[in-house]
Structure formats: structure tokens, C-alpha cells
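Asker: The lines below spell out each chain.
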Amino acid sequence: EAQVTQNPRYLITVTGKKLTVTCSQNMNHEYMSWYRQDPGLGLRQIYYSMNVEVTDKGDVPEGYKVSRKEKRNFPLILESPSPNQTSLYFCASSLRAGVRNEQFFGPGTRLTVL
Amino acid sequence: AQSVTQLDSHVSVSEGTPVLLRCNYSSSYSPSLFWYVQHPNKGLQLLLKYTSAATLVKGINGFEAEFKKSETSFHLTKPSAHMSDAAEYFCVVSAETGGYNKLIFGAGTRLAVHP
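Protein chains in written order, with my numbering: chain V, 237 to 350; chain C, 1075 to 1189.
Everything labelled a hint here was simulated from the structure, so no lab data went into it.
Heads up, none of these hints are tricks.
In silico EDC-like cross-links for lysine to aspartate or glutamate, where the CA-CA straight-line distance does not exceed 20 Å:
1. Lys1176(C) / Glu266(V)
2. Lys1116(C) / Glu237(V)
3. Lys1116(C) / Glu338(V)
4. Lys1132(C) / Glu338(V)
Facing chain V, a subset of chain C residues (Cβ under 10 Å, in silico):
5. Ser1106
6. Phe1108
7. Asn1115
8. Lys1116
9. Gly1117
10. Leu1118
11. Phe1164
12. Val1166
13. Ser1168
14. Lys1176
15. Ile1178
16. Ala1181
Simulated DEER-style distance windows between Cβ atoms:
17. Ser1154(C) / Ile248(V): 40 to 48 Å
18. Val290(V) / Pro1092(C): 41 to 49 Å
19. Leu1130(C) / Glu338(V): 13 to 21 Å
20. Lys307(V) / Pro1092(C): 40 to 48 Å
21. Ser1158(C) / Gly334(V): 31 to 39 Å
22. Asn264(V) / Ser1102(C): 29 to 37 Å
23. Leu350(V) / Leu1130(C): 45 to 53 Å
24. Ser1077(C) / Lys305(V): 28 to 36 Å
25. Arg346(V) / Ala1075(C): 28 to 36 Å
26. Leu1130(C) / Lys301(V): 39 to 47 Å
27. Ser1154(C) / Asn264(V): 32 to 40 Å
28. Val250(V) / Ile1134(C): 38 to 46 Å
We treat Cβ as the ideally placed atom computed from N, Cα and C, and that holds for glycine.
Only chain V is shown next, with the shape it has when bound in the complex (with noise of 0.2 Å):
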């Protein structure tokens, strides 16, 4: 089944203590992108890539890594994570990076920092 996987799904933590969401796609998409979603503000990218080793910031990078070495699998790093990263995480992918190009979600990590 085609689909864009995400882990954990919850995940409670403490200030301070890195982090890393995985994301895995299945569908050898390019480009790759993260997501945060916070109530009242819909969703806001944090970081994406256009294909392997090629990464760029999005609206809200600020606290967040990233990296893409293999072309299915984007995660996301907290490395000092703050009470404020506390969100619902979404992972999508699209075939090109083309606006005409669907996304596809994953099923969301909902973090939060103690």
C-alpha cells in the first residue's frame, strides 16, 4: 500500500532530551516535506526537501534539523526540544516538487514537552 509512515505517533518528553521523528515514504517520491499544526493556525512548514541532500527551510524551522540521505525516509530532530514544540506533527510527500503535485500525509506525531 502506497502510504507516508510516521513514528512515534506519541510521544511525551521532557525539555532538554533530543529527539527524532522518523518519516518513511513508499512511492520513491522527491520531494519531502514537515509539517506542524497548532490550533486557530492550520498547518506551517517547517523544513522540506526537493530531493536527497537537498534541503531547505520552510516558515518555522527555528529549534528543528532535518536531513534526507536516502530518498524515502525524512526525519525531523529536536535536539534541545522546549515546551513551545509542543504540536501535531505531519510528514508528506509529493512525486515532484511541482505545485500541481499532491501531497500525501502521514498520520501525524502528536509531541509533547514537559
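Using the hints, position chain C against chain V.
Answerer: Chain C in isolation, oriented as in the chain V frame:
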């Protein structure tokens, strides 16, 4: 710059009555527009998309939207609401800036459907 405004944060309808979720957009370029739906505790699913072809777009589950350039609107409609339509809906704009697929999301409209 691109932006999108969903005019209602909450909409409540009775089952079997029409649904109207309003969306206005701003774009310096010829936009692509999408509606996504998010059911409770689920990811986002594409309902429909407009990419410069027919202005009336039909999507899944009986939803449709009309692109009106003169009004910069892309309202989502459904003739008859079903209980399973209760969810949050996002209007999204994407435009040709830098050639990559950045989506700008509206704040969302929560649709409640009552028996």
C-alpha cells in the same frame, strides 16, 4: 505573497442539508488550490484540487468547489451533509514561487453535522 483565509472557524449543519465552507485566497501567480479534510485523530486527505483546468472541481464524497478568479474564492460545497462529514477542513493554496511545492494552509473550518 500567497495567503488563504477561511471565513468561518466553525460551521454547524443538520444532516441532509447543504454544506458551504468559504475560502478566499490571495496569490500573485496563477494558483493551484486544494481542499483537505482531517477526521478526528487522522491525517489529512485530499478532497479535491484546482490546477487551472475546469473551474468547477468535483472531489470525493460528493464535495465540489468552484474557482472564481474575480472573487478570489474557492468555496467548498456539498448538496446534502452526512454525519460522516463531520471533520476539519483546510483550504490550501500553492503557487509558482521558486518552483517548489510549498502549501499555504488556511486556519481550518470545523464542520459539525447534527441529526
